[in-house]
Amino acid sequence: MMPYNTEYIKQCFIVGAMFLLVSSCSADKEGSVTDVVSRWNGREIVFPENSIFTIQGKDIVDFQFHDAEFKILCYVDEKGYMPFLKQLGLWNHYIMGLNATMGRLVPVIFYVNANDTDELNMVLQHEDFRYPLCIDQSGELNRINHFPTQIDFQTFLLDKANRVVGIGNPIRNINVEKVYYDIMSNRERESLITRISTEISVDATEIDFGQIPIGVEQTQTITISNIGQK
820 MMPYNTEYIK QCFIVGAMFL LVSSCSADKE GSVTDVVSRW NGREIVFPEN SIFTIQGKDI
880 VDFQFHDAEF KILCYVDEKG YMPFLKQLGL WNHYIMGLNA TMGRLVPVIF YVNANDTDEL
940 NMVLQHEDFR YPLCIDQSGE LNRINHFPTQ IDFQTFLLDK ANRVVGIGNP IRNINVEKVY
1000 YDIMSNRERE SLITRISTEI SVDATEIDFG QIPIGVEQTQ TITISNIGQK
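Residues in the sequence shown are numbered consecutively from 820, following our numbering.
Treat the hints loosely; a few may be bogus.
Simulated crosslink set (DSSO-like; lysine-lysine; CA at most 27 Å straight-line) [stated by the list, open to error]:
1) LYS890 <-> LYS997
2) LYS997 <-> LYS898
3) LYS877 <-> LYS890
Now the in silico label distances, taken between C-beta atoms and shown as ranges [claimed, not checked]:
4) GLU863 <-> GLN1037: 50 to 58 Å
5) GLY922 <-> SER957: 32 to 40 Å
6) GLU868 <-> GLN944: 24 to 32 Å
7) THR920 <-> ARG991: 13 to 21 Å
8) PRO867 <-> ASP935: 15 to 23 Å
9) THR968 <-> ASP935: 19 to 27 Å
10) ASN1005 <-> GLU1025: 32 to 40 Å
11) VAL1021 <-> PRO867: 49 to 57 Å
12) GLY876 <-> GLU1018: 51 to 59 Å
13) SER857 <-> ILE1019: 36 to 44 Å
14) THR968 <-> MET915: 26 to 34 Å
15) GLU1025 <-> ASN918: 45 to 53 Å
Keep in mind that the hints were calculated from the coordinates and are not lab data. Even glycine gets a Cβ: it sits at the ideal position worked out from N, Cα and C.
Let the hints inform the model, and build the full structure from the sequences given.
Dropping the structure here:
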């Protein structure tokens, strides 16, 4: 597998941090926005074993997301619980648009730390939210990973190895949404380049013309051969 364009990902992180900095009222006790982004860039998210995902609290689903090229993790703590309920319609719209734009399923993984499961499931049904969701009453996901306390920093774009390649909530900030899309699209372009690339050989890598008198033309031939399979 071709390695990620790490410089591009880094630039996207910086851009995302700038957008978050503009949109955030203040930095919390964990440090500045850029500090938080820097600490999470490339960090692996560890998921609890035997997490149970349901749809509207009724149907248990076998939610397979680990092998996806990209996935979005949204962790919801007690502070972010009410804002999340109000944004279910936006998440519905975003996920549908994301899959249509990317031309494939990009898993969006929801872990919600909710005490009142009846209320949560009622709202999920009312908003016709039909995506898998894990009700993490014990907060185990956060206990393992120790997420930032600001709700803007509890949503992550992850790669296939569950490493953080983007941070921020795409439905709360349109610029973060664009950064996520750019990162995923860049990976697509890299994969395409890998598929069509070939291998060449050159019979000379250096040419020494020595001293050339004024007005005298000198030429040299270099042979470049395609020795690859494409």
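We went through each hint and held it up to the structure:
| no. | hint | result |
| --- | --- | --- |
| 1 | LYS890 <-> LYS997 | holds, 15 Å |
| 2 | LYS997 <-> LYS898 | holds, 26 Å |
| 3 | LYS877 <-> LYS890 | holds, 24 Å |
| 4 | GLU863 <-> GLN1037: 50 to 58 Å | holds, 57 Å |
| 5 | GLY922 <-> SER957: 32 to 40 Å | holds, 37 Å |
| 6 | GLU868 <-> GLN944: 24 to 32 Å | holds, 28 Å |
| 7 | THR920 <-> ARG991: 13 to 21 Å | holds, 19 Å |
| 8 | PRO867 <-> ASP935: 15 to 23 Å | holds, 21 Å |
| 9 | THR968 <-> ASP935: 19 to 27 Å | holds, 21 Å |
| 10 | ASN1005 <-> GLU1025: 32 to 40 Å | holds, 34 Å |
| 11 | VAL1021 <-> PRO867: 49 to 57 Å | holds, 53 Å |
| 12 | GLY876 <-> GLU1018: 51 to 59 Å | holds, 55 Å |
| 13 | SER857 <-> ILE1019: 36 to 44 Å | holds, 39 Å |
| 14 | THR968 <-> MET915: 26 to 34 Å | holds, 30 Å |
| 15 | GLU1025 <-> ASN918: 45 to 53 Å | holds, 51 Å |
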